[in-house]
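Engineer: Place chain B on chain A using the hints.
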Amino acid sequence: MNSNDTRAMAGQEPDASALDRRDFLRLSGVLAAAGALGSAACSPPQEATIPFHDMPENLVDGMGRAQFFHTVIDGSPVLVRTREGRPILVTPSPNDASGRGLSARHHAALMDLYDPDRARGPLSVRRSQGATVASSWAAILPDVASRLKAAGTKAVLLTGPVASPAIEAAIAALSARTGLRHVAWSPLENDAAGTAWTQAFGHARVARPRLAEADLVVGLGAEFLDRPEEGFERDFAARRAPGQTERPMARFVQLEGRLTLTGANADKRIRVRDSQLAAVGAALAHELVVVRKLGPLASVAEASTALAPFAVDTVAKQAGVDAAVLRTLAGELAAKPGKALVVAGGTAATGASGAALELAALILNVTLGAFDAGLLDEAAGVETKAGGAAALSALAGEMAGGGVDVLVLAGVNPVYDAPGAIKFSDAMAKVRFVLSLNDRLDETSLLADVLAPASHPFESWSDAALPNGLVAIQQPVIQPLFDTRGLLDLLVEWAAAAGDPAALAAAGAAAAALKVVPPTGAATPAPSPSVAWHYLRAAWAVRLASAGTPAVETAWNDVLRAGTWKDGAAKEHRSEQAFRPALQPTAFSLLSAADVKPAEIELQLYPHLALADGRSGNNGWLQELPDPVTRLTWGGALSIAPRRFDEMKLANGDLVEVDAGHAKVIAPAYRHAGMHHDQVALPLGLGRAACGVIGSGIGVNAFPLGQLSNGRILASGLAVKLRKAGGNETLAFGQGAEVLDREQRALVPATTLTAYEKDHKSGTEQPEGGPSAWPAHEYSKVRWAMAIDLNKCNGCGKCVIGCQAENNIPVVGRHGMLNGRPMSWIRIDRYYDAPAREGGWDIGVWDGPLEVVEEPATLFQPMLCQHCENAPCETVCPFVATMHSEDGLNQQVYNRCVGTRYCANNCPFKVRRYNFWEYSKEQESAFMRWLEPRIAKNAALNVRAPMQMKNNPEVTVRSRGVMEKCSFCIQRIRAARSDATRDGKGKDHFEDGAVVPACMEACPTGAITFGDVNAPGSKVAALSADPRAMRLLDALGVKPSISYLAKVRNDKA
Amino acid sequence: MSGRKRPVYLLAALGAVVVTGSLGYALSNVRKGYEPRQPILFRHTRMAGAPVWQTNAKGEKVNVGGFGIPCVYCHTMPYKGRHSTVPSTAVCMNCHTSVGLNKEWVLKLKEYWDRGEPIPWVKVHDLPDFVYYDHAAHVNAKDEQGRPKLPLTDANGKPMVVCQNCHGKVEEMEIVSVQNAFNMQWCLDCHRKPEMKASTDCVTCHR
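Heads up: the sequence lines are chains A and B, in that order.
Just so it is clear: in the first sequence, position 228 is 227 by numbering that gives the first Met the number 0, and no numbers are missing.
Just so it is clear: in the second sequence, position 71 is 70 by numbering that gives the first Met the number 0, and no numbers are missing.
By construction, these hints were calculated from the structure, which means they are not laboratory data.
It is possible that some hints are incorrect.
[To be verified] Derived BS3-like pairs (lysine-lysine); straight-line CA-CA distance at most 30 Å: (1) B:Lys141 with B:Lys122; (2) B:Lys122 with A:Lys920; (3) B:Lys122 with A:Lys949; (4) A:Lys780 with B:Lys192; (5) B:Lys31 with A:Lys1018; (6) A:Lys1038 with A:Lys1018; (7) A:Lys984 with B:Lys148; (8) B:Lys196 with A:Lys780; (9) B:Lys192 with A:Lys986; (10) B:Lys31 with B:Lys168; (11) A:Lys596 with A:Lys648; (12) B:Lys196 with A:Lys986; (13) A:Lys984 with B:Lys109; (14) A:Lys760 with A:Lys1038; (15) B:Lys141 with A:Lys1018; (16) B:Lys31 with A:Lys984; (17) B:Lys148 with A:Lys780; (18) A:Lys1051 with A:Lys760; (19) B:Lys141 with A:Lys986; (20) A:Lys780 with B:Lys141; (21) B:Lys192 with A:Lys984; (22) A:Lys153 with A:Lys384; (23) B:Lys192 with B:Lys168; (24) A:Lys422 with A:Lys760; (25) B:Lys148 with A:Lys986; (26) B:Lys196 with A:Lys1038; (27) B:Lys141 with A:Lys984; (28) A:Lys780 with A:Lys1038; (29) B:Lys109 with A:Lys514.
[What the hints assert, rightly or not] Facing chain B, from chain A, some residues (calculated, C-beta under 10 Å): (30) Ala47; (31) Thr48; (32) Met54; (33) Arg180; (34) Val879; (35) Glu885; (36) Tyr893.
As the structure is a prediction and not an experimental result, all values here were calculated from the model.
Backbone N, C-alpha and C define an ideal beta-carbon position, used for all residues, glycine too.
Looking at chain B on its own, in the form it has when it is part of the complex:
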């Protein structure tokens, strides 16, 4: 600028920072798409995915897909309490004391087990500490007719587990990633639906 004070430029710059910053913040979402690397490359596709049978070179039928293990085999608590729980290493060792010990990550798992150290999983669906989410209240929620409030069929009409409403198709994920926004707006989108009859009181989640 040619030496003259141009406060309008400074103001414009500040305004631009504020506007772009706010828009950026509002339109961005820190959670959707979050796909943290875990200490053990556990593949839900292999555990929970649908079986895919193939014939191998020797002519044997092998399952190259998943074992179809239901979510609740490992994550036992969502129907019972506030937290869903990541299973203890002992649950993995139910099979892996003898199965798959030639695989890299299974050996890594066994190392943790032998060391007596719990596995420090990275929390994927992490809500802020001031949100007190209650799994049991959601997965058990039923309307007056006794039908579950959360749909049990997906967009294509295929049956699905209630968990997939929010967590997406975890059995198709190599690495677990967040499928939805998981911000308050997204929660309210459902809570505000009249047919859900869900409370929108603040203390429902923010005690």
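Bound conformation, chain A alone:
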């Protein structure tokens, strides 16, 4: 009963607005409940803060701060940044005098370390006849030791090329005691230079070209930029600065068949197919030596006789090159004696005429006086080891004949990458016991008896011999993540079991260290130094003592702190003959191999730039790094010349069968600009069958196409037939269109040296913007800016990997790239420059017309958030998640971002990245995982343990629905500010080098300069004011903070 009922009974109209007592009470009850609900203070989630139990003394200042360790990966010294005991970033080692460089592989080694598909411990594999069974080191170590003893000389250790003195010593000790034989080989072995030098000078110590000293470099299929670990990038970039009086800009002319990264950086490129490069080199030599009678070989009869068949006209006709072009090039070389350098050594040298190619280069260098002028550094030369393929072939023969009882494999995967002719897997079946020390159940380990996984180099002790007489210690930067042992540890253990005194001493010392009783109450004792550590210490004690250094204890730490050690005792390799080289007359007979009748179509097998021999196939970073030239990710393609591609009526991705006679593969086709019409190319290192969840089945394995001939693997000049196989496999490109008309789209400043010398601002022309609607930001103190020198940038892509490592950028996978949703904050855009044409071009950016892409001029441009002054993204965010900071940065605040994506829409540079998917944690709902298969794929790429250990704790890990972009490494800027405060310095300005973003740190050539543009005398201020500097899209008035310095092409012959 309520008041309205009462009123009704009284015959009155109900009062619509009346709230009677009961209603009021009901309502207040609801209100009270609501109020209680709403105002209930939630208690914060309880978070633990767990300190050390017993903090190591030397970590006193290390809490929350990075620690750095020198070590060596793959023969290149690196500096590894670690946090809380785990490595998170690989950087080049400062002050490294070895002359080595880093490739993308080195920077991405972290992902190999944290690869969840590594074997977690020893396994009994039983040659894949059933499930693998976990085994144990306690069982394996003595078992293998006794087998080695029993097998004697019928035991073989197969490894990759060994550059570690300690490992060599351990293997030698083992061999001396048990008769074990050692075979070393590499699927990418290229011994042409060694062969040529042995014939020419009697030794295989190939001198190192000094690119920084030459005014003119001619590359005969040179690939020094494709192999950055050889360390030529810095030297090459050192001579790319225009307008210098002391060291004028050098000129680089490349002759090659496939457009390589090296060729893309050339000032002039001449297409010559691989098999004809040797002949063309000989033709140039003919022109200089026989026709113009230059150099010391002009008077050597054998030289003239050997060169006689290679007259320019003859060769030009056979090779399909313009004879006039060759003559002009020869003239260029002749005009610069003592200043010109000829470099070979690329994939073309793996062909049948490889040694002849190298010899032609040698002849040219001798003729041009390069040796006398010091352009070839013999002291820095490397002793090339050859014969690996022959040894492997012989070994396989022996195995097949039952002559091998025990086969131990370490760091090699011949079932995957040996030439098909060797039939390694069949041979392996005949071996009684096969032990694999590889890190996972790869193609070879699946056919082994036991997999005893060796630790990653980051987890184990070893050492490395480096060029320039340097030696480095490879120290671990983390305890082994899984139950693995270091390779050196294993070899020393077995040598000890076989009775070698040094190994026994090391094993004994390690065992004794285990017995040391820690102080009472202390934590479980730290694992004792490994057997390898003791072995190394003993060997290094001898080495250091012989160099006269005092206490080994301090000397050892000094070496670790410095990274490398100069072996003063190493004799200088100088021989009179090498410096006043008289080529042995018998060498010239090699040239006959240069006369190759070209096949209709020839195939080149080149190592994939990121993946090399494919051992890191499961590395998401490397798979996702776009190839600098083809822009392909997650797989490779059969590169075909544009005209042939069009003639065959192909589209990108169409499947084509490549038949080399002895093997054939089917691969998707790619219209490769700059490819010679009669050459095709396939990348090596893809098509792994068993490397893990991430990389298996990506791409096509081209190793079987390699041809075994005379103990060498021929990887270029292989005669093939092409056939359209039908079907299409979409190629995952990291970039869209290819050709850029800079008249219509002034996106990349570029010019020629002639134009630059007339007007320094040449190349930076762009449509001007009008007045701005916004008042300018004022910066009285620090203002961050960046300058990117496009002459120094060679497109290698290490900045991309460095950024990915530093900023916890996820891997999106093939499906993500196909969706056009990459996550990398910095990308290298590669354009082919459309030459000026009467009437202009129809559109500004598009896929290539033949006249541009047959012989393209390549432009590389690192593109990242420009931190615009008038950022179009800042004005449109409805939640103010992105705005400008007081020091010039465009900030992105993840916790405000809701995910409208308006900012990315507005960005004219398209550098904003949106987390469409959750890359940071598992999706717990099974229903969601069933509903959307990509969720599981993303998790497989990013979230499986121990992958998250690679994350940098200073950078937020973004979740789904959040926008991200380059932050100019805000974490490093904040750290610098904090350090400045702590040290009592003012923060008004920062000097050069105070803040180095990850991209700049990774860049080998110094193309990226970052700093405070308001600081007087800062490098970035000077570069931003340089006439070559251009800030992009002035027409839109965005006013970027990044200046691009125009790429200047040296057109002055």
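Structural biologist: For chain B alone, coordinates are given in the frame of chain A:
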């Protein structure tokens, strides 16, 4: 309600929930007053507090107060890095291998030490993960004259450690509790003061 649809009541109820809820959320503070129980009843009063001398029954002078141990003896990192650190058990054992072994909590501590297990302290001053706070930048902050920006004297003019600006008088706390709001508004209260010349850019804290 007498059978007639009264949407106004439903709306009022919803409105009330929203208003009270928002007001409640805005006016409440999850941090101030937070006083979590720790695995070991460590008393800052005893360690860091001021000494209080008394004469006991035997006529000896005993200190029933604290030892006046400075904050940085244990919390070593605030002047050096981003994080302040809770000391490792070894720091406690510097004294407690021999001192106080008849006390309940010292024995508990020793148990952790003997077991080799780190002590799972509950984080009292816990900021959300998207806040990157930097201790060193705050405790070391100095103005142009070189004077510390954060005051070193309390409201009564007595000298104090710089830590007490935010953490309060920890040496008077039996159990550590949060003395201030520790929300963004509270941080901005100081950051916005002109004399502090502190940055209010978002990326200062929210990277």
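Engineer: Against this structure, judge whether each hint is valid.
Structural biologist: Hints, verified against the model:
no. : hint                     : result
1   : B:Lys141 with B:Lys122   : 28 Å, holds
2   : B:Lys122 with A:Lys920   : 24 Å, holds
3   : B:Lys122 with A:Lys949   : 25 Å, holds
4   : A:Lys780 with B:Lys192   : 19 Å, holds
5   : B:Lys31 with A:Lys1018   : 48 Å, violated
6   : A:Lys1038 with A:Lys1018 : 20 Å, holds
7   : A:Lys984 with B:Lys148   : 14 Å, holds
8   : B:Lys196 with A:Lys780   : 13 Å, holds
9   : B:Lys192 with A:Lys986   : 18 Å, holds
10  : B:Lys31 with B:Lys168    : 14 Å, holds
11  : A:Lys596 with A:Lys648   : 28 Å, holds
12  : B:Lys196 with A:Lys986   : 11 Å, holds
13  : A:Lys984 with B:Lys109   : 43 Å, violated
14  : A:Lys760 with A:Lys1038  : 18 Å, holds
15  : B:Lys141 with A:Lys1018  : 29 Å, holds
16  : B:Lys31 with A:Lys984    : 34 Å, violated
17  : B:Lys148 with A:Lys780   : 19 Å, holds
18  : A:Lys1051 with A:Lys760  : 18 Å, holds
19  : B:Lys141 with A:Lys986   : 11 Å, holds
20  : A:Lys780 with B:Lys141   : 17 Å, holds
21  : B:Lys192 with A:Lys984   : 22 Å, holds
22  : A:Lys153 with A:Lys384   : 24 Å, holds
23  : B:Lys192 with B:Lys168   : 23 Å, holds
24  : A:Lys422 with A:Lys760   : 60 Å, violated
25  : B:Lys148 with A:Lys986   : 14 Å, holds
26  : B:Lys196 with A:Lys1038  : 28 Å, holds
27  : B:Lys141 with A:Lys984   : 9 Å, holds
28  : A:Lys780 with A:Lys1038  : 19 Å, holds
29  : B:Lys109 with A:Lys514   : 25 Å, holds
30  : Ala47                    : 5 Å, holds
31  : Thr48                    : 4 Å, holds
32  : Met54                    : 4 Å, holds
33  : Arg180                   : 47 Å, violated
34  : Val879                   : 9 Å, holds
35  : Glu885                   : 5 Å, holds
36  : Tyr893                   : 7 Å, holds
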